[in-house]
Amino acid sequence: MASQQNDKSSLSIQSTEISGWTVLAVSGRMDAENAPQLQEKCDELIAQGHTSLVIDLGGLTYISSMGLRTFLAVAKTLQGKGGTLRLCGLKGLVKQIFEITGLTQSFSIHETVESAVLEANV
Amino acid sequence: MFCAPRSLTVVAKPTSLRAVTEFVREGAVEANLPDERVGELEVMVDELIMNVCNHAYPGDSMGHVTVTYSVPSPGELSVEVADQGVEFNPLEAKAPDLTLSIEARPIGGLGIHLVKTFAKSLAYRREEGWNRLTFGLSAGL
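Residue numbers (my numbering), protein chains in the order written: chain Y, 1 to 122; chain W, 123 to 263.
It is worth saying that the hints were derived from the structure and are not from the lab. The model shown is predicted, which means the values in this text are computed figures rather than measured ones. Some hints could be false.
[Said to hold, decoys possible] So, partial list: chain Y residues that the calculated Cβ filter (under 8 Å) puts toward chain W: (1) D31; (2) A32; (3) E33; (4) S64; (5) S65; (6) L68; (7) L72; (8) A75; (9) I97; (10) I100; (11) T101; (12) G102; (13) I109; (14) T112.
The beta carbon of each residue, even a glycine, is placed where N, CA and C say it ideally should be.
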């Protein structure tokens, strides 16, 4: 398991490989200051050819619009490369913000990592 | 006035965000807001501070932003975000189309939508060179 953590920004990103998917478990807070960390991690993975990504937001307690920008940007990049982005584990304030901004309709959203990686490609 | 206004002035840059968040959390405690309102408060302040950072002081100019909160009555919190930058009313921003697909969606434009959704009251005024954005939150819905 690879991990990337910065105590100052209180955002943690851990990556694993499951059934051909690269799963990023994101926890902590995503605001203007630390959202670029996830963007950089995703850009790095995509550049290495990892174009099937699941991002698990189960540990995320806070997100601002700068965090939402990151997910939109990653999704657009992956679409341009024929890749796929799936999200899972949304809850609390994070889920509320995805719902308010209509992004629960735009993204492929799943309850768990398991359901995200097991669902057939559509 | 249940609680006298308190103010914090910081440099208008993203690294000031954490200090402002901590400051308004104190207001949330004084107003006895529940946890879900505190999360919404943090999002609103975050979006408005970033709005000042991005629009108030263009180019290399550096300015400040002052955040003031008061508790007009128990369970009520009023917050003002003020700057002396260029005149800009974020409430006039065009509402985002939330039905667009990911390909068609612009990357930005969601912050003010969040503020408008969470705020119980929201107002902007330009006053003697200041942009003053005021919003209210209450413990109830």
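Structure versus earlier hints, numbers of those that do not hold, lowest first
13 and 14
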